[in-house]
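Protein chains in written order, with the working numbering: chain Y, 1 to 257; chain F, 1 to 257.
Hints are not guaranteed to be accurate.
Which copy? The list can't say, so a pair holds if one copy fits it or any two copies do.
Here are the simulated lysine-lysine pairs, DSSO-like style, with alpha carbons at most 30 Å apart [said to hold, decoys possible]:
(1) 44 x 144
(2) 24 x 145
(3) 231 x 44
(4) 24 x 143
(5) 143 x 9
(6) 143 x 32
(7) 4 x 145
(8) 32 x 145
(9) 24 x 231
(10) 120 x 145
(11) 120 x 24
(12) 145 x 9
(13) 144 x 111
(14) 120 x 9
(15) 120 x 143
(16) 120 x 144
(17) 32 x 144
(18) 44 x 145
(19) 231 x 145
(20) 4 x 111
(21) 32 x 4
(22) 143 x 55
(23) 144 x 4
(24) 44 x 143
(25) 24 x 111
By construction, these hints were calculated from the structure, which means they are not laboratory data. Computed from a prediction, not measured in an experiment: that's the story for all the values here.
There are 2 protein chains.
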Amino acid sequence: METKFEFAKQIVQEAADYILAHMKEDLQVERKSSPTDLVTRLDKEVQQLLVDRIKSIYPEDLICAEEGCLRAAVGQGSVWVIDPIDGTNNFVAQQEDFAVMLAYFENGVGKFGIIYDVMKGDCYHGGGAFPPCRNNDPLPPFKKKPLQEFLVAGNSGMFESNEWGLADLGRAALGIRVYGSAAISYAKVLSGRLLTYITYLQPWDYAAASILGESLGYRLLTVSGEPADFKTRQPVMMVPIEMQEEIQSYIYERKEN
Amino acid sequence: METKFEFAKQIVQEAADYILAHMKEDLQVERKSSPTDLVTRLDKEVQQLLVDRIKSIYPEDLICAEEGCLRAAVGQGSVWVIDPIDGTNNFVAQQEDFAVMLAYFENGVGKFGIIYDVMKGDCYHGGGAFPPCRNNDPLPPFKKKPLQEFLVAGNSGMFESNEWGLADLGRAALGIRVYGSAAISYAKVLSGRLLTYITYLQPWDYAAASILGESLGYRLLTVSGEPADFKTRQPVMMVPIEMQEEIQSYIYERKEN
Numbered sequence: 001m002e003t004k005f006e007f008a009k010q011i012v013q014e015a016a017d018y019i020l021a022h023m024k025e026d027l028q029v030e031r032k033s034s035p036t037d038l039v040t041r042l043d044k045e046v047q048q049l050l051v052d053r054i055k056s057i058y059p060e061d062l063i064c065a066e067e068g069c070l071r072a073a074v075g076q077g078s079v080w081v082i083d084p085i086d087g088t089n090n091f092v093a094q095q096e097d098f099a100v101m102l103a104y105f106e107n108g109v110g111k112f113g114i115i116y117d118v119m120k121g122d123c124y125h126g127g128g129a130f131p132p133c134r135n136n137d138p139l140p141p142f143k144k145k146p147l148q149e150f151l152v153a154g155n156s157g158m159f160e161s162n163e164w165g166l167a168d169l170g171r172a173a174l175g176i177r178v179y180g181s182a183a184i185s186y187a188k189v190l191s192g193r194l195l196t197y198i199t200y201l202q203p204w205d206y207a208a209a210s211i212l213g214e215s216l217g218y219r220l221l222t223v224s225g226e227p228a229d230f231k232t233r234q235p236v237m238m239v240p241i242e243m244q245e246e247i248q249s250y251i252y253e254r255k256e257n
Numbered sequence: 001m002e003t004k005f006e007f008a009k010q011i012v013q014e015a016a017d018y019i020l021a022h023m024k025e026d027l028q029v030e031r032k033s034s035p036t037d038l039v040t041r042l043d044k045e046v047q048q049l050l051v052d053r054i055k056s057i058y059p060e061d062l063i064c065a066e067e068g069c070l071r072a073a074v075g076q077g078s079v080w081v082i083d084p085i086d087g088t089n090n091f092v093a094q095q096e097d098f099a100v101m102l103a104y105f106e107n108g109v110g111k112f113g114i115i116y117d118v119m120k121g122d123c124y125h126g127g128g129a130f131p132p133c134r135n136n137d138p139l140p141p142f143k144k145k146p147l148q149e150f151l152v153a154g155n156s157g158m159f160e161s162n163e164w165g166l167a168d169l170g171r172a173a174l175g176i177r178v179y180g181s182a183a184i185s186y187a188k189v190l191s192g193r194l195l196t197y198i199t200y201l202q203p204w205d206y207a208a209a210s211i212l213g214e215s216l217g218y219r220l221l222t223v224s225g226e227p228a229d230f231k232t233r234q235p236v237m238m239v240p241i242e243m244q245e246e247i248q249s250y251i252y253e254r255k256e257n
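Hey, can you work out the whole structure from these sequences and the hints?
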């Protein structure tokens, strides 16, 4: 597993270098499901780069990835989960606050996760048998404080509609932040800078963070407190186990009629 | 003015160095007007450092500053406007995304502004007779694009209540961001990473940005499109002049009954 982990960190670095080398070129921005759901040439090229590198060394392994139709389920076999550029809107509009994410599972067990904040050059890596680190520094295990001393993050639309009680949680906390990228938000949770990040996500948005977080005292759950399915788009939250109960006194899944 | 500008940049650097040297100590966090309106020992000490340095060299100059009761009006005389730590909640909860701000006016005319993102080490400086720069690089003049290609920022509560049509503007744009600091948000506007930043602010929150922004094609206005008063807490927006009309088709002051 050591070799696979080193390989994974190396190809994520290659992906980041590729983005840095090409981000000033024409990005060929396209719209996917909505006018604000963007994809660029580089999302596709970076995913292809990662897929090709994995397939060249581990031809039997399976892949679940954001762009296109590689949708292996993580529950069986050796599965890589790829988000080539998380925070594509930030990438296009700001040229910062986006990240490459990679996670690796064997028969449903997370072995390691990697979140690479490309413009800061910060690599969050580890989980499973590997100590979770930012670059060469160990990440801090969760440290409990009163709710009112924590910031919480999510999607602005969810705060606006108070979906799942998100605005109520924000009011009980120190404040609300919206960064526009799951990877960037999770990196802040893993650094102790946010209590939690709550929104609708796909498996590639949360897989790496969920593996990294487990080693630090967090769990990746749906807003009703169940394990995420790692298959479909679900409302999920990464919460410290120690404060799950308190967070869930605000956050709950509303059963629609 | 050249000497005064160099002096200003030097004392802001001293302030940032002071924060970096002392931020791991006990911050003595206190609450001001509300449970989420924080002030620390360092807000006060950094302000005192800046006031002392200004008064030692320019004893006749006047000061308007966030903490305490130095509240000179910018309209008359030589006035320094100080925000020792903007984004205090980020400073306390995240140890990043906060800034020192300093602005200088003569008889109401902005001569230069400085925004120093302490943890990134990025100094935004200039305005008036000085070219606006981030560190040694010139900042880009505003470049018009369709509204839907821009991100907009503000305060989460204002988005939640759609105050001044802020959520409507967010929906017409590429998305909404909430960073928890006027300085950090303005730095992104000045870098072309946000279209606008709209929220209730005090003069020390917007003075530096307003001077820097003027040289790049922006204006600091109230949400009804009037010049800000530089005296009281007002709902203000920094907008590119070229897109003011389009922005104001969403943003307007609601007259309460």
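Since the copies are identical, ignore which copy is meant and state whether residue 120 and residue 145 lie within 30 Å (CA to CA) inside a copy, between copies, both or neither.
both (28 Å within a copy, 26 Å between copies)
Within a copy, between copies, both or neither: where do residue 145 and residue 9 come within 30 Å Cα-Cα?
neither (33 Å within a copy, 37 Å between copies)
Within, between, both or neither, where residue 24 and residue 145 count as close if Cα-Cα is 30 Å or less
For residue 24 and residue 145, only the inter-copy Cα distance (17 Å) is at most 30 Å; the intra-copy one is 43 Å.
Within, between, both or neither, where residue 143 and residue 32 count as close if Cα-Cα is 30 Å or less:
Between copies, since 25 Å is at most 30 Å while 39 Å is not.
Treating 30 Å as the Cα threshold, decide for residue 24 and residue 111: within, between, both or neither.
Answer is neither; intra-copy 35 Å and inter-copy 34 Å both fail.
Homo-oligomer pair classification [residue 143, residue 24; C-alpha up to 30 Å]:
Between. Shortest inter-copy distance 16 Å satisfies the 30 Å Cα cut-off; intra-copy 40 Å does not.
From the Cα coordinates, with 30 Å as the cut-off, is the pair residue 143 and residue 9 best called within, between, both, or neither?
The answer is within: 27 Å in one copy meets 30 Å, while 37 Å across copies does not.
Using 30 Å as the alpha-carbon threshold, which applies to residue 120 and residue 144: within, between, both, or neither?
Intra 27 Å, inter 27 Å, cutoff 30 Å: intra and inter.
At 30 Å max between alpha carbons, let me know whether residue 120 reaches residue 9 within a copy, between copies, both or neither.
Both, since 16 Å and 25 Å are each at most 30 Å.
Check residue 44 against residue 144 for me: Cα-Cα at most 30 Å, and say if that holds within a copy, between copies, both or neither.
between (40 Å within a copy, 28 Å between copies)
With identical chains treated as interchangeable, where does the CA-CA distance between residue 32 and residue 4 reach 30 Å or less: within a copy, between copies, both, or neither?
So residue 32 and residue 4 fail the 30 Å test inside a copy (33 Å) and across (52 Å) alike.
First find the shortest C-alpha distance between residue 143 and residue 55 inside one copy, then the shortest across copies, and answer within, between, both or neither for a cut-off of 30 Å.
neither (40 Å within a copy, 43 Å between copies)
Against the hints set out earlier in the document, violations occur for numbers 7, 9, 12, 19, 21, 22, 23 and 25.
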